[in-house]
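Participant: As you go down the protein sequences, you meet chains X and F in turn. Positions in the first sequence are counted from 1; adding 2 to them yields the working numbering. Positions in the second sequence are counted from 1; adding 2 to them yields the working numbering.
No wet-lab data here; the hints were simulated from the structure. As the structure is a prediction and not an experimental result, all values here were calculated from the model. Backbone N, C-alpha and C fix where the C-beta goes; we use that ideal spot for every residue, glycine too. Treat the hints with caution; some may be incorrect.
As the list claims (entries may be wrong) - Only some residues are given here: those of chain X computed to face chain F with a beta carbon under 10 angstroms:
| no. | residue |
| --- | --- |
| 1 | Lys19 |
| 2 | Ile23 |
| 3 | Ile36 |
| 4 | Gln45 |
| 5 | Pro125 |
| 6 | Arg146 |
| 7 | Glu168 |
| 8 | Ile171 |
| 9 | Pro198 |
Each chain, written out:
Protein chains: 2
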Amino acid sequence: MEFFEVIHTQRSIRRFKPDPIPDGEIWALIDAAIKAPSGSNQQPWIWMVVRDAAKRHAIAEATRRYMESAGRFEEMERAAETVQDPSRKRSVRGAVEFFRDVAAAPVLIIPCLVSVTSPVTDPRTLLAGSSIYGAVQNLMLAARAMGIGTVLTTFNQFIEDSLRIELGIPADVVPTCIVPVGYPDGQRFGPTTRKPAEAVTYWDGWGSANSRG
Amino acid sequence: MEFFEVIHTQRSIRRFKPDPIPDGEIWALIDAAIKAPSGSNQQPWIWMVVRDAAKRHAIAEATRRYMESAGRFEEMERAAETVQDPSRKRSVRGAVEFFRDVAAAPVLIIPCLVSVTSPVTDPRTLLAGSSIYGAVQNLMLAARAMGIGTVLTTFNQFIEDSLRIELGIPADVVPTCIVPVGYPDGQRFGPTTRKPAEAVTYWDGWGSANSRG
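Pulled out of the complex, with its shape left as it was, chain X reads as follows (with noise of 0.2 angstroms):
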């Protein structure tokens, strides 16, 4: 596909069939990801594929846990009540139903940044997430140009506890978001809308806005 093409029509999946991906689409997705820039090339990534049905069932299990318990689905339905823009009500909607069961995705990608010599960053801090989200970004525009879709998802932040038992994952070794991927299931990939460019642009000082030509 043409580049601008998988740029302009990427859009977050949340639907997808149970069909399984195979291990050489998951190949190209993780050899574009880690094609991405990071920190003085350190590559500072660990990238954790679950396909294990237990394993996902587990990680669903252990959402829908937390989800119930701090109210998070009524207050989502509630949100949905009364949000008014049509795209964003779907949207919402969406995401309570894939919260329900994030298991429906065939394959969970979990990036997790680990330990590296230098320079000493935080993996909690927001310059961490530098050497990590881009090749995230990588990886879901690898999937939208294979037809695959993808939704960046950072819930595991309410279930840390419960991936670090389910997929062993060491103490120094911090999991930075959770990637559903499938074949999309009904939903179309984009074009999405967004706030113009214009909007959200300042040239040489803060709030020094420039006409488009």
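Please build the complex by placing chain F on the supplied structure of chain X, with the hints as guidance.
Facilitator: Chain F in isolation, oriented as in the chain X frame:
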């Protein structure tokens, strides 16, 4: 350009021609950046484009002052002496040259995280990075597709006070990185070298490798 060709030939460019980048190309970079996903699609970003020569020189001067006072130039030069890998040696030498005058790039783009209402995420944390560094990667990939060089840097952390003063960045807004932008001067795009995917991928549990069939 074909999508995977862009992905597989992105490379850090640190030597730039002084030629200006036309406005239309800068808008195209930001149009690509803002198609990336962000938490709840909140697009918590401002793209600060710095072209003004006086402002770029002030940023370069603050950077040089920090690098000198912290002994970083000597440190990097020692590293360049001791490092064995020729490509890594060139990269460290290139970084020294680059940091001596970051204003050699005709444009500096500084993506900033702005406060969003919900969910309340501390912008200094790893997870906040998931809503900006993917967009930064889109920007850098788009640049490569257009023959424009970029490099992801985080020296903003060393000169944050100067950036705030020089560009009027409010206290609750967080600069996340600095991306110098310009036409490459002598440097070519990739391919780049990385640890193989097989060495950085685990399947269904920590330490479980999988050969590539």
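Participant: Each hint needs a verdict: does it hold in this structure or not?
Facilitator: Structure-based check of all given hints:
Given hint, Lys19 (chain X) at the interface with chain F, is violated; its Cβ is 21 angstroms from that chain's nearest Cβ, farther than 10 angstroms. Contact between Ile23 (chain X) and chain F, as hinted, is not supported at the beta carbon level, the nearest pair being about 12 angstroms apart and thus beyond 10 angstroms. About 5 angstroms separates the beta-carbon of Ile36 (chain X) from the nearest beta-carbon of chain F, less than 10 angstroms, and the hint is met. The criterion of a C-beta within 10 angstroms of any C-beta in chain F is met by Gln45 (chain X), whose closest approach is roughly 6 angstroms, and the hint holds.
The interface hint given for Pro125 (chain X) is met, as the beta carbon of that residue sits about 7 angstroms from the closest beta carbon of chain F, less than 10 angstroms. This hint holds: Arg146 (chain X) has a C-beta 9 angstroms from the nearest C-beta of chain F, less than the 10 angstroms allowed. For Glu168 (chain X), the suggested interface contact is upheld, since its CB lies about 8 angstroms from the closest CB of chain F, less than 10 angstroms. Hint status for Ile171 (chain X) relative to chain F: holds, with the closest Cβ pair at about 6 angstroms, below 10 angstroms.
Interface restraint check: Pro198 (chain X) against chain F, minimum CB-CB distance 8 angstroms, threshold 10 angstroms, status holds.
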